[in-house]
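Based on the sequences and whatever the hints tell you, model everything.
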Amino acid sequence: MTDMTSNMNASGSSEDLAAQIAAANSFPPEPPARPIRSAIKRVLTDPLGLVGTVIVVVMLLAALFAHWIAPQNPYDLAVLDILDNRLPPGSESFSGMTYWLGTDDQGRDLYSAILYGLRTSIFVGIASAGIALVIGSVMGLISAYFGGRTDTLVMRLVDIQLSFPPILVALILLAILGQGVDKIIVALVVTQWAYYARTVRGAALVERGRTYVDAARCLALPSRMVTMNHILPNCLPPLIVVATMRVAYAVSLEATLSFLGIGLPVTEPSLGLLISNGNKYMLSGDWWISVFPGVALLLLIVGINLVGDRLRDVLNPKFKD
Amino acid sequence: MISNSEKQEAQVKASPDQQAPLLEIDHVTRRFERKPDFAAKLAARLGAPINRRTVHAVDDASFAIHQREVVGLVGESGCGKSTLGRIVAGIDDPTEGRILYRGQDVAHASGEATRKFHLKIQMIFQDPLDSLNPRYRIGKSVSEAARYHKVVPEEQMAEHIEKVLLQCGVDPTTQNRFPHQFSGGQRQRIGIARALALRPDLVVCDEAVASLDVSIQAQIINLFMDLRDEYDLAYLFVSHDIGVVRHISDRVVVMYLGRIVEQGTTAELFAKPNHPYTQALLSEVPSLKRRHSSFHTIKGEIPSPLKPPSGCHFHPRCPHAMERCKLERPMLKAVASGHMSACHLNDEG
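Protein chains in written order, with the working numbering: chain A, 72 to 392; chain B, 27 to 375.
Please keep in mind that the hints were generated in silico from the structure rather than gathered at the bench.
Backbone N, C-alpha and C fix where the C-beta goes; we use that ideal spot for every residue, glycine too.
If you only want the chain B side, here are some residues facing chain A, beta carbon under 10 angstroms, derived: (1) 61; (2) 64; (3) 112; (4) 115; (5) 154; (6) 155; (7) 158; (8) 172; (9) 220.
Just so you have them, the derived chain B footprint on chain A, three or more residues with Cβ under 8 angstroms: (10) 273 to 284; (11) 288 to 298.
Partial list, computed: chain B residues near chain A (C-beta under 7 angstroms): (12) 117; (13) 145; (14) 151; (15) 153; (16) 156; (17) 157; (18) 171.
Okay, structure coming up:
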């Protein structure tokens with residue numbers, strides 16, 4: 072017993088030996104304390120990430136303040152002049168207003184219509200992704216934490232959900248529910264929650280195996296606290312990546328549905344509907360009605376995807392340089 | 027430091043039956059079984075032989091821990107010592123048997139009363155970094171459970187946490203830092219503070235010093251001993267490091283393939299190891315006195331716990347194995363006062 076204590080003290084006092092021991096026990100690199108905050112910083116220092124962020128922020132601001140920026144309220148039929156229909160970009164109206172991006176077949180200023188359409192598209196995208204995220208995360212957490220039959224049940228449901236093409240599911244749902252912003256959000260949530268559930272379950276299974284979860288159980292904390300306070304916050308990095316990508320996907324899916332004429336009502340055009348409206352006049356040479364909303368949609372989706380891509384690189388330890 | 031009135035109360039409670047153990051592990055068995063999935067069930071329906079794979083991680087283990095006692099639990103990797111530690115700490119449930127805390131079964135019941143007992147048994151883990159939530163500031167890690175279970179009134183909480191941290195040698199002004207900003211030894215101190223904040227009676231240390239370097243190990247072990255004097259703590263010290271166990275334990279329990287093969291007071295067990303497995307295990311501990319002796323490793327490998335040998339699990343590797351050892355499981359029998367061993371050799375006389 073005394074041998075051992077003196078042995079311990081001897082090794083402690085010798086600095087060389089201590090250094091050797093420290094070198095031998097080289098630990099793996101430690102994760103940053105605030106992975107999300109440091110990830111945002113790293114996204115912004117990357118040129119492509121910065122471009123994506125700028126695009127997304129500009130688009131968000133434009134959508135948010137559309138009613139101030141836009142020269143015309145495209146939803147107010149009283150201010151629309153049917154005589155101004157299908158004017159090419161840069162033409163002037165009878166009232167003296169310049170249509171920089173031209174007008175559509177209803178005589179709407181396309182620039183204003185795009186700003187308002189952007190607002191609808193982004194709102195639908197974020198709302199549906201947000202609701203799907205909450206539902207999917209809860210399902211994934213329940214699945215991972217309780218395991219067994221619950222897990223099997225939830226995951227088979229996810230498998231079934233994912234085996235249907237999302238556009239088909241959305242089409243069927245909208246055919247039943249009818250048109251409207253709320254209905255399209257429901258349809259998008261139904262087609263998307265499964266992705267979140269699967270992501271959260273995977274991450275939660277990893278976290279559940281870690282010692283701090285055992286520790287929390289040993290501290291007799293209730294399951295609700297263990298899952299919501301301990302496991303879920305540690306699952307956030309992969310979840311954020313999926314959520315970003317899914318917002319872009321929801322926007323494009325909504326545009327597709329609107330293009331097909333089953334998304335939003337014609338009186339409140341989203342980007343997809345604007346493209347669809349212009350489609351009829353494409354071959355008559357009135358290209359601007361489709362092309363400008365298309366470019367806006369493209370920029371938005373590319374911007375979100377650039378941010379998402381970069382976030383994935385930064386948050387995934389496997390891709391760390 | 028507990029307030030005087032509480033200390034007196036504790037003494038009054040403890041005094042009538044000083045001999046009654048704090049914790050009794052009563053014929054605890056833990057089996058891990060791979061449940062047949064749908065395909066396996068279907069195959070079984072169709073007449074395929076059922077292939078049930080069961081691991082007896084802990085097989086009918088019984089021993090007791092008294093107040094202020096340090097019990098060392100040793101054995102090779104995979105012998106079930108960690109599983110037993112987790113069962114005692116309430117992280118895992120026994121398949122059979124009971125865990126009695128002051129005579130009350132804590133393993134199978136639920137509800138308010140048992141949760142209170144459950145809190146009296148806390149655990150310290152091997153990997154101090156992994157055992158702390160990386161997103162919690164350490165102040166929150168230490169106080170979360172104490173706050174949830176209202177160990178002290180809310181207005182005294184900050185003071186309580188500060189005191190516990192100080193006692194464990196953590197600067198209370200670092201409460202706002204994250205676990206990765208501390209060294210390994212400091213993290214382990216935080217883990218100890220977290221357990222201590224709930225005022226436990228028994229602390230299960232699962233290889234608690236194995237991941238620390240030797241000088242830090244000594245510090246942490248000294249901390250354990252100081253805390254025992256302060257709070258009358260008992261420890262279940264799960265470790266493969268026989269040197270450390272010998273240094274700190276009052277009693278030692280030796281496990282092999284899920285079964286307890288020998289237990290006794292540290293002095294007795296190290297002086298007169300009875301079971302051939304214990305003898306072999308002790309002969310492998312390096313010592314300063316016999317620096318150049320060759321290692322007599324235990325011959326053979328640890329058998330798969332999926333297919334443990336019949337009779338005495340140790341017989342394929344035992345130098346004294348007899349025919350009886352292959353057939354009959356030896357039970358724990360007293361070989362001296364407070365010293366029990368499970369070996370047929372003791373019956374031969």
